[in-house]
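Quick mapping for you: the protein sequence lines, in order, are chains A and B.
Positions 70 to 186 (my numbering) are the ones given, in order, by the first sequence.
Positions 46 to 155 (my numbering) are the ones given, in order, by the second sequence.
Under the rule of at most 27 Å between Cα atoms (straight-line distance), these lysine-lysine pairs were calculated in the DSS-like manner: (1) LYS110(A) to LYS115(B); (2) LYS115(B) to LYS111(A); (3) LYS89(A) to LYS111(A); (4) LYS110(A) to LYS154(B); (5) LYS89(A) to LYS135(A); (6) LYS110(A) to LYS83(A); (7) LYS111(A) to LYS133(A); (8) LYS154(B) to LYS111(A); (9) LYS110(A) to LYS133(A); (10) LYS96(B) to LYS115(B); (11) LYS135(A) to LYS111(A); (12) LYS135(A) to LYS83(A).
If you want the footprint, here are the derived chain B segments under chain A, 3+ residues with CB under 8 Å: (13) 74-85; (14) 88-100.
These are computed hints drawn from the structure, not numbers from a lab.
Glycine is no exception: its CB is placed at the ideal position from the N, C-alpha and C atoms.
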Amino acid sequence: GAVVSQHPSRVICKSGTSVKIECRSLDFQATTMFWYRQFPKKSLMLMATSNEGSKATYEQGVEKDKFLINHASLTLSTLTVTSAHPEDSSFYICSASGRSLQSDTQYFGPGTRLTVL
Amino acid sequence: GQQLNQSPQSMFIQEGEDVSMNCTSSSIFNTWLWYKQDPGEGPVLLIALYKAGELTSNGRLTAQFGITRKDSFLNISASIPSDVGIYFCAGQGWIDDMRFGAGTRLTVKP
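Take the sequences, apply the hints, and build the full model.
Structure representation (structure tokens):
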């Protein structure tokens, strides 16, 4: 149980375009989803926390208009990188926690490698 | 904010050896978690600890939640090549926020 999927696993886009990444909880209801960014050989950096049906809470320094997060249902959250630039190239990972899981433990998706040319 | 110090940063060991890594925090956490990340993948939960003093095993892995609630360690016994990866500790506070250590990169030589 507690499986989280992400799509796509890899995406290459041109500078200036927008990219949408999906995060789904497959076998539980995710009341809270988290989006992380990871630079090479670095730890995970929390970007934002989203609760189903409400606006995401962004960490300090993360641009809300740049990284649009939607958590429209209990099984789906999306991260849209708007007007992507090469510096947005990174590994983006989502995680989810839910009511049915023990003590709000987070389970991670497999990640999405974004490359902006 | 809450800071996690994870050590060591990297380890190079021989197959069969035991491994120990730890995390310390400047403040208290309610939950300590240990994750392993393979290259190009998301972290996978190894062990979750919910009570101070708790000692939990998962196969060859053993982790403990420190009595002070400011530290945790992870031990891997009799390492094998597939143990290679990056191990992250994570501490979780009252409001579901989670902070990660910088990671320990483990290399196991056959």
